[in-house]
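My request is simple: use the sequences and hints to build the entire structure.
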Amino acid sequence: MQKIVIDPVTRVEGHLRVEVTIDGGEVKEARSAGTLYRGFEEFLVGRQPIDAQRITQRVCGVCPTAHATASALALDQAFGCLDKLPENGRLLRNLILGANYLQSHILHFYHLAALDYVDVAQAADYDGSDPDLQSLRTFIARGTLAPFVPRYEGDYRLTKQQNTLLAGHYVEALRMRRLAHEMLCVFGGKMPHNVGIIPGGATEPPTVSKMEQVVMQLKRISEFIENVYIPDILAVAGAYPDHFALGKGYGKLLAYGVFELETPAPRAADRKRLFPPGLTDVALKYQPLDQEKISEDVKFSRYADSVAGKPLSALTKNVPDKEGAYSWLKAPRYDGGPREVGPLARMAVGYVAGSEEIRKEVDGLLSAAGLKPADLFGVLGRHACRALESRILARRMTEWALALDPKAPHRYDYESPETGTGAGLVDGPRGALGHWIDVKDGKIANYQLVVPTTWNASPRDANDQPGAIERALTGTRIKDASNPFEVVRIVRSFDPCLACAVHVMDAHKNEIGKYRVA
Amino acid sequence: MSEVKEFPVVWLQLAGCSGCSVSLLNTRYPDARNVVLDELIPGTHVSLLYHPTLMAGEGEPVMEVLRDNELPEGFVLIVEGAVPTGADGLYGAVGEIDGRELTMIEKTRALAERSAAIVAVGTCAAFGGISAAAPNPSTAVSVQEFCRTEGIDKLVINVPGCPPHPDWMLGTVAAVLLGKLTPEDLDDLARPLMFYGKLVHENCPRRADFDAGKFAERPGDPGCLYMTGCKGPETYADCWLRMWNTGTNWCIGARSPCHGCVEPCFPDDYSPLYEKITVERLARFALKKKA
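Residue numbers (my numbering), protein chains in the order written: chain B, 1 to 518; chain U, 519 to 809.
Treat the hints as calculated values from the structure; they're not laboratory data.
Some clues are possibly wrong.
SDA-like, lysine to any residue: derived pairs with alpha carbons at most 25 Å apart [claimed, not checked]: (1) U:Lys732 <-> B:Ala408; (2) U:Lys732 <-> B:Pro409; (3) U:Lys523 <-> B:Asp132; (4) B:Lys3 <-> U:Asp616; (5) B:Lys160 <-> B:Arg137; (6) B:Lys219 <-> B:Pro406; (7) B:Lys407 <-> U:Gly741; (8) B:Lys317 <-> U:Thr657; (9) B:Lys210 <-> U:Arg546; (10) B:Lys84 <-> B:Ala408; (11) B:Lys3 <-> U:Thr667; (12) B:Lys322 <-> U:Asp606; (13) B:Lys299 <-> U:Ala605; (14) B:Lys443 <-> U:Met745; (15) B:Lys84 <-> U:Arg736; (16) B:Lys322 <-> U:Gly604; (17) B:Lys443 <-> U:Arg546; (18) B:Lys160 <-> B:Thr207; (19) U:Lys523 <-> B:Thr144; (20) B:Lys322 <-> U:Gly617; (21) B:Lys440 <-> U:Leu620; (22) U:Lys794 <-> B:Gly46; (23) U:Lys794 <-> B:Asp413; (24) U:Lys523 <-> B:Thr138; (25) B:Lys443 <-> U:Glu793; (26) B:Lys219 <-> U:Gly765; (27) B:Lys407 <-> U:Arg546; (28) U:Lys794 <-> B:Val45; (29) B:Lys3 <-> U:Lys794; (30) B:Lys28 <-> U:Ile615; (31) B:Lys317 <-> U:Gly604; (32) B:Lys479 <-> B:Ala245; (33) B:Lys210 <-> U:Arg725; (34) B:Lys3 <-> U:Leu620; (35) B:Lys407 <-> U:Phe733; (36) B:Lys443 <-> U:Glu798; (37) U:Lys732 <-> B:Gly46.
FRET-style restraints, in silico, Cβ to Cβ [what the hints assert, rightly or not]: (38) U:Glu798 <-> B:Gly46: 17 to 23 Å; (39) B:Val208 <-> U:Glu793: 33 to 39 Å; (40) U:Glu798 <-> B:Gly143: 43 to 49 Å.
We put the beta carbon where it would ideally sit given N, CA and C, even for glycine.
Shown next as structure tokens:
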């Protein structure tokens, strides 16, 4: 029996530690934990409700717009103005959030995940005229190869030509994700941490020249998605076909949905969204979302037992030396069971919910690659779904930009109430994100966040059910324990964002040999 | 061709959100490729030895890079995020090596002691920022305060912002590389005057509206944003000049008040964020700046 500790897991957002226990070359048990705690739920208490919408963005610098959106929706509900969101406000919010989706997905595939599959060192004897590849060749020739070394060795399967091509695309993708943030800034004001999304709508009124700017920026990004991003996903899939079946996990998916297609209904489950809300699993049956079934378990989490239950049921109360706990992360559960969230969840739920455009895209990929829908439940499926939803989103964003009306209102003038509650449920790039607010005496009495990576990187619960990543790692065959590519490829396929997930790992309590072996 | 000098950098991420790193990637000239691959200044290449968001390796091999006797002479330590000092450092860990998880306190201390210079990027690293928002459960402190408490006598250059503009971060690094940044070039909060020398309010395109009493009642209205809580009168940053995301827009341009995110007062003393500055608060800000 052998324990592998990967701490830090790099090329994720934030601080993540993963441990796997291997026996006979197979993972018997896995534990994932974040290793940083700041305490947003504690420091939001007592503040002005509208300040929460700015402060919660700082949960994460990669996905702040998801938090800005969830917070705005929670406040819209608490202020009683969900149904008063003007058309422009709805479209502007979609464009601001959509721009960050595109940035986040390009960043994820190229700058976070690709180095697990692409050997950039093969560009060393490039002799063509592409300036990015010439730059890379000169860099390699200088001999100091940080940050591309150290790295795992022994499983880079692309050809030299493919490695060189994708290495050049890694560099080009740096420009593309910057462009996506420039596009966001048109209406968002600044990125990271935009100021444009507010309760009641957005701050920046549309003008014809801003609309045209965004439409042309989308055109450039779409060209990249079609000619570079999606073909690169297919190239990796061709060289690593066994990675479809890798990291399947529970196969139980959850999406809150995202991108309002009309004025938001009071309950998230009833909203008409581009990527619809709901649940599904490998049997591909649709289940509607019931937000009353969302709760958090704290058996293995360092919180008072009284904190367990639905969000807002109690104030966050941390217990650093809680017996048996191994994480500062609570364990979110839907109807008592763990769920995976993210692009795979959104595409699968959209597919079974009957979205024509999602079916067209997914069926197109499946038939071109000779796959069945169940094949998407795994590492490569997650990457492919991220790319497919980027294609769909970029196309729709152009329609939304052109639907803006420079002469119509862009926000509703809400009145901030003395009391109120609200829940903002929306999918960020990494999955289902919820903000819950309770306002008393005009101030925040309680504010709870259940974020996508909390679902995916959750610890065990009182029924000893591991979280989604822990489950996806279990049963995996590791070819070479000193270069455990399989582990990090599985973890990174979930696109973890740990600043969001609010963990701490108690190093003193991390005793070796405390594991059960199946 | 003369030999290219390597300028080693360790980018440490502590109690923060990675927004500073994302903002860094948004740089236009130099662009991200120039920073990582090319000679940032002709004859000098920035060697990014350690950056958790970007680096290829993971686990113990990357902790080896940070081992005391592995670090090259003269490396610059760039810190993103505040130092969480509560509970003997158990609120934040950097990683595990030799079977032990190293806290952020331990690693920051070791790296700060050995570095040639320290640059604290982002308001969390510079002043505590959001990570230290009251009641500050992890007892997060600024890099400067941490060094003071630990007796590490080293110049810490502060490049605050939430996040900082990429030009502020790279302009500061370029100035250090060219040997053109001296203590006289910093204000009394150790911020480079070339970026943080002028008040937003004194250079704002909406100043005419302020002077004429044309005020926005809510964010999203035209006019001066003072009544909606703009902290421009107290904020030293040049957003009005270079704007954000390759000159696309900026907070006030998007009809949102400035929240003063480069200042030590962000967020707590500038909260409520949307409440206008009063005379009493102006006095408090002046006292803070003497620190």
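Structure-based check of each hint:
At most 25 Å may separate the alpha-carbon atoms for a hinted pair to count; U:Lys732 and B:Ala408 meet this at roughly 22 Å. At most 25 Å may separate the alpha-carbon atoms for a hinted pair to count; U:Lys732 and B:Pro409 meet this at roughly 20 Å. A distance of roughly 21 Å separates the Cα atoms of U:Lys523 and B:Asp132; the hinted pair therefore holds under the 25 Å criterion. Simply put, B:Lys3 and U:Asp616 have alpha-carbon atoms about 13 Å apart, close enough for the 25 Å limit, and the pair holds.
Only pairs whose Cα atoms come within 25 Å are accepted, and B:Lys160 paired with B:Arg137 is accepted, the gap being roughly 14 Å. Using a Cα cut-off of 25 Å, the hinted pair B:Lys219 and B:Pro406 holds, with the two alpha carbons roughly 21 Å apart. This hinted pair checks out: B:Lys407 and U:Gly741 have alpha carbons roughly 18 Å apart, not beyond 25 Å. For the hint linking B:Lys317 to U:Thr657, the alpha-carbon distance of about 16 Å falls within 25 Å, and the restraint holds.
Distance hint between B:Lys210 and U:Arg546 is fulfilled; the C-alpha atoms sit about 20 Å from each other, no more than 25 Å. Proximity of B:Lys84 to B:Ala408 is assessed by CA-CA distance (about 14 Å); at most 25 Å being required, the pair is judged to hold. Simply put, B:Lys3 and U:Thr667 have alpha-carbon atoms about 38 Å apart, too far for the 25 Å limit, and the pair is violated. Between B:Lys322 and U:Asp606, the direct Cα distance comes to roughly 17 Å. Compliance with the 25 Å bound is thereby established for this hinted pair.
A distance of roughly 22 Å separates the Cα atoms of B:Lys299 and U:Ala605; the hinted pair therefore holds under the 25 Å criterion. Restraint check: the Cα-Cα separation between B:Lys443 and U:Met745 comes to about 20 Å, which is no more than 25 Å; the hinted pair holds. With a C-alpha separation of about 17 Å, the suggested pairing of B:Lys84 with U:Arg736 holds against the 25 Å cut-off. Our distance criterion of 25 Å between C-alpha atoms is met by B:Lys322 and U:Gly604, whose separation comes to about 17 Å.
Taken as a hint, the B:Lys443 and U:Arg546 pair is broken in the structure, with Cα atoms around 41 Å apart against an allowance of 25 Å. For a cut-off of 25 Å, the pair hint linking B:Lys160 to B:Thr207 is broken: about 48 Å separates their Cα positions. Our distance criterion of 25 Å between C-alpha atoms is met by U:Lys523 and B:Thr144, whose separation comes to about 11 Å. Among the hinted pairs, B:Lys322 with U:Gly617 is consistent with the structure: their alpha-carbon atoms are about 23 Å apart, no more than 25 Å.
The suggested pairing of B:Lys440 with U:Leu620 is violated, with an alpha-carbon distance near 41 Å, which exceeds 25 Å. Among the hinted pairs, U:Lys794 with B:Gly46 is consistent with the structure: their alpha-carbon atoms are about 19 Å apart, no more than 25 Å. Of the pairs offered as hints, the one joining U:Lys794 and B:Asp413 holds, with about 18 Å between alpha carbons and a cut-off of 25 Å not exceeded. For the hint linking U:Lys523 to B:Thr138, the alpha-carbon distance of about 14 Å falls within 25 Å, and the restraint holds.
A distance of roughly 14 Å separates the Cα atoms of B:Lys443 and U:Glu793; the hinted pair therefore holds under the 25 Å criterion. Restraint check for B:Lys219 and U:Gly765: satisfied, since their Cα atoms lie roughly 20 Å apart, inside the 25 Å limit. Of the supplied pair hints, the one linking B:Lys407 and U:Arg546 is violated, its CA atoms being roughly 33 Å apart against a limit of 25 Å. Taken as a hint, the U:Lys794 and B:Val45 pair is honoured in the structure, with Cα atoms around 21 Å apart against an allowance of 25 Å.
A C-alpha spacing of about 56 Å is found between B:Lys3 and U:Lys794, which places the hinted pair above 25 Å, so the restraint is violated. Simply put, B:Lys28 and U:Ile615 have alpha-carbon atoms about 23 Å apart, close enough for the 25 Å limit, and the pair holds. Of the pairs offered as hints, the one joining B:Lys317 and U:Gly604 holds, with about 16 Å between alpha carbons and a cut-off of 25 Å not exceeded. A hinted pair counts as satisfied when its Cα atoms are at most 25 Å apart, and B:Lys479 with B:Ala245 qualifies at roughly 16 Å.
Between the alpha carbons of B:Lys210 and U:Arg725 the distance comes to roughly 24 Å, so the proposed pair stays at or under 25 Å and holds. About 18 Å separates the Cα atoms of B:Lys3 and U:Leu620, which keeps this hinted pair within 25 Å; it holds. For the suggested pair B:Lys407 and U:Phe733, the alpha carbons sit about 21 Å apart, so the restraint of at most 25 Å is met. At roughly 22 Å between alpha-carbon atoms, B:Lys443 and U:Glu798 fall within 25 Å of each other, so this suggested pair holds.
For a cut-off of 25 Å, the pair hint linking U:Lys732 to B:Gly46 is broken: about 32 Å separates their Cα positions. Restraint check, U:Glu798 to B:Gly46: a C-beta distance of roughly 20 Å satisfies the suggested window 17 to 23 Å. Taking the beta carbon of each, B:Val208 and U:Glu793 are about 35 Å apart, inside 33 to 39 Å as hinted. In this structure the supplied range 43 to 49 Å is violated for U:Glu798 paired with B:Gly143, their Cβ-Cβ distance being about 60 Å.
Violated hints for the displayed structure, listed by number in ascending order: 11, 17, 18, 21, 27, 29, 37, 40.
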